[in-house]
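Participant: Chains as they are written, first to last, in this note's numbering: chain A, 200 to 648; chain C, 153 to 615.
In short, the hints are calculated from the structure, not lab data.
Keep in mind it's a predicted model, so treat the numbers as computed, not measured.
Glycine included, each C-beta is placed from N, C-alpha and C at the ideal position.
Treat the hints with care, since some could be wrong.
Derived DSS-like pairs: lysine-lysine, alpha-carbon spacing no greater than 25 Å straight-line [as the list claims (entries may be wrong)]:
1. Lys283(C) - Lys420(A)
2. Lys283(C) - Lys286(A)
3. Lys238(A) - Lys245(C)
4. Lys420(A) - Lys245(C)
Chain C stretches covered by chain A per the calculated footprint, using a threshold of three residues with CB under 8 Å from any CB of chain A [claimed, not checked]:
5. 153-165
6. 406-416
Spelled out from the first residue to the last, the chains are:
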Amino acid sequence: MNEEILENCIKAIKIGEKLGCNQVECFASVTDSINITVKKGEIKIAKKIVDGGLGVRCVVNNAIGFSYSTNPNEIEKCVTKAFKQAKSAPSDPEFKSFAEKGKYQHVYGIFDENIANLDVEEAIKFINEVLKQDFTLDKRIKSINLTFSSGRNIVAIANSLGVEGIDKGTFLYFYSSISAEENGKFSSSDEIYESRKIKDFQPVEIAKIAYEYAIKGLNKKKIPSAKVPVILDPFASFFIIGMSLRLGLNADAVQRKRSYLSNQIGNKIANEKITVIDDGLLEGGIGSFKFDAEGFPSARNIIIENGTLKNYFYDTYTANKEGKSSTGNAVRGEGIWNFRSLPRIDSRNLIIKEGSKSYKDFISEIKKGVYIRSTYDYPNVVTGEFSGMINEGFLIEDGEIKHALLQAGIGLNLRETFQKIIELSKEIKWYGGIALPYILIEEANIAGE
Amino acid sequence: MDILDKAIEYALRLGAKFVEAKYLKQKELSIKYTDGSLKSISSGEDEGISIRIFINGAWGFGASNEININSAYNLVEKAFKIAKANSERIKEKYEIKHVKSYKAKSIIKTRINFDDVAIEEKVNLVKELDKRMFNFDKRIKSTTVNYNENKDIIYVKNSLGNDVYKEDNYLYLSTTAYSLENGIRGFGREARGGVGGYELIEEKNMLEIGEKAAKKAVEQLKAKSVKPGKYVCILDPIITGVFAHEGIGHPAEADAIVERNSVLEGMIGKTIASEKVTIIDNPLIDKAFGYYEYDDEGFLARPRKIIENGILKEYLNNLETASILNMELNASSRAEGYLNEPLVRMSNIYFERGDMSFEELISETKFGIYVKGFHYGYVVPSNGQYTFKCEYGYLIEKGEIKQMIRDISLTGLILETLKKIDGVGKDLQIEGVGFCGKDGQWVRVGDGGPHIRVSEIVVGGLE
Chain A
200 MNEEILENCI KAIKIGEKLG CNQVECFASV TDSINITVKK GEIKIAKKIV
250 DGGLGVRCVV NNAIGFSYST NPNEIEKCVT KAFKQAKSAP SDPEFKSFAE
300 KGKYQHVYGI FDENIANLDV EEAIKFINEV LKQDFTLDKR IKSINLTFSS
350 GRNIVAIANS LGVEGIDKGT FLYFYSSISA EENGKFSSSD EIYESRKIKD
400 FQPVEIAKIA YEYAIKGLNK KKIPSAKVPV ILDPFASFFI IGMSLRLGLN
450 ADAVQRKRSY LSNQIGNKIA NEKITVIDDG LLEGGIGSFK FDAEGFPSAR
500 NIIIENGTLK NYFYDTYTAN KEGKSSTGNA VRGEGIWNFR SLPRIDSRNL
550 IIKEGSKSYK DFISEIKKGV YIRSTYDYPN VVTGEFSGMI NEGFLIEDGE
600 IKHALLQAGI GLNLRETFQK IIELSKEIKW YGGIALPYIL IEEANIAGE
Chain C
153 MDILDKAIEY ALRLGAKFVE AKYLKQKELS IKYTDGSLKS ISSGEDEGIS
203 IRIFINGAWG FGASNEININ SAYNLVEKAF KIAKANSERI KEKYEIKHVK
253 SYKAKSIIKT RINFDDVAIE EKVNLVKELD KRMFNFDKRI KSTTVNYNEN
303 KDIIYVKNSL GNDVYKEDNY LYLSTTAYSL ENGIRGFGRE ARGGVGGYEL
353 IEEKNMLEIG EKAAKKAVEQ LKAKSVKPGK YVCILDPIIT GVFAHEGIGH
403 PAEADAIVER NSVLEGMIGK TIASEKVTII DNPLIDKAFG YYEYDDEGFL
453 ARPRKIIENG ILKEYLNNLE TASILNMELN ASSRAEGYLN EPLVRMSNIY
503 FERGDMSFEE LISETKFGIY VKGFHYGYVV PSNGQYTFKC EYGYLIEKGE
553 IKQMIRDISL TGLILETLKK IDGVGKDLQI EGVGFCGKDG QWVRVGDGGP
603 HIRVSEIVVG GLE
């Protein structure tokens, strides 16, 4: 392991203390990655990238300065910049302290030697496995685009309150996008897979899902506007329910009254079948490390219990504002943690608890309804509304999935919708660090013709 | 940059058909001010090299923050090995086009250097903007101001003979205001930006974005949801710009054509829009946020007429797509940083001005909506189906602007909507600024246009 990145952090702390910082914190990361892009069925480019550096936060009289650098020989320059920025900044009366020292628990299943040692040639074998499948010869396919990305990510944190930690993880990301054309009609679909380990990675199965939906989408028809039961595929659930929770439960948005879930602790905000947990220690979790991006110990937190809101996502800053303890929800950057970013709040591994029935039963019990596979719209978490186009959706009739929907939309009030979630499936799929069941909404407005 | 030359030489010796070696140093400073207090002052320095190697249709790429000759050789070997192995598998082989090469130094000048302005003054600027939002109206409950300045040094060399040194300076400032009244919430966002130095704050009158964001947030509180249906729509210059960017710009990026993922495939020379429509992507607009003189492959930029009087004229091409499609290279390559390979990108895209005044556009409209401000949007590239979420708007009845409306989303098919543009204003503005994301890379872009009128768009609301 690159132990020196923790040593660099400790060095930065000492420099900061000597300069006269009241508090200093340093976060460092090194990411070694492989990235392969397939466009139109051929490998277009393969990349091998090393990205490393550190980011320092200095506090002087309650004012914070942050600076990052990719140059390991310029730690002193970097700390000095952060220090000077802090000195010229007005103090933030709401800032209390960086994370206090805590006890870390080891997280299992987040580092896979097979991924860490994977070379480009081996990665290409996975891709070629997909490209030699019979379905790729289907004349209706216009384009097959794949992205394979894997690597290892080492993260270290230290601060002047005694926090010191280093951890490592591996990642594998596979994105498959297939577009099809028949008689002048177009359709496309995507599927995404992410994991910390290579075992269970089945690229062919992932690509096949995108292929099957792309083909099904060729037969699109308009439907009249209606108020009907709706089943959300986990892929659609990510955008509609997952993002609504992830953004709406952020304590910073909540405290600044920018969230539709502000002031709701203890209230029944959802149907009692809904339980949501955020777990930074989840075995094999894509968002797991033993600490969060400020060095606070990762934890498992109950967020919604049988419909009742129990907690928000906090970092130390927002927690200190309320005299609470952090929930370990500081992250850095989008996705893989990166030294260039200040800590920000996000879920770690967000789990919407599964139900007991199969989603297939939901479908078979619906006389008339809609199945939504994907939308690219985002919820408005200020107003608590979601409205968007149904990118891939299907009509359900007499318990069966029928044709795809042409130009249909959906509008939801999120608070009402949470109450109307009447079933969650026993099947779970992970997208973007969120475990999502299939979700049955009692009824929703579908805008059609 | 001796190591770039040595790396190119070494790659050619190994058997590369084309090599590009780059050095980048990017410096940034950002200040975030929220709800009356400073949230952070952040600065950063990125420095690294990258090597891109081409062999018979396959590309290999390597990047590292270690800047020395051994690291450069190591990257060459890695990128070469990858490209070599892939070139043996690839079915559609092609050669890199022989094009004119450039040796140049291109510096975006600043009247006031960022480094010559004290941090305290920049902090006062964001503080002032924050104050302007809160002072605008009591119903403003929360605010954010973001200040961002950047200085990038890019050195790009390639085996065709390009040898270009660039210094980019640019600034971006945004404000967001959140309002609340009787349980109803709203928010307004404004952004300004440009290439140049700190003088842009004054030149582009950036202080006014405080009140502007606050005004939007407050006005929305009294707006009603729009009734879904088909409407005559008049789009403001911001939405017109987004329409040009998302609706035409992305499908006109030639990598989408190569990947067979664009509605504009096979349409060059065909009429795809009303004859009133001319759309240009121009990297050379002085001070515009998407400005560049040389692209990130080191080729000299020029304006690109994508649509002229309704006819599709050209795609945006870089070295790769121009070679595959055998089209003219028009310097459309951009990369976010040293960790990224260049992709086909836009610069400043806009609808060309027409001959109507804004008053004429409104007064000729019996019943319709005037749509303002852009929230977010996307286009499905393969069929051109678009969704644009707009901040707010007004109903137009009998040629007059009436009730304010919100929750407006515009949907339709790009190629149908382009034919329905029946009025183009003369009030051209290229003030849209933002960072466009593609394959995980973000680059600064500008967009704009005049007010335009579309005879029919499907408007969705919340109902």
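Participant: Check each numbered hint from earlier against the structure, then list the numbers of those it violates in ascending order.
Facilitator: 1, 4 and 5
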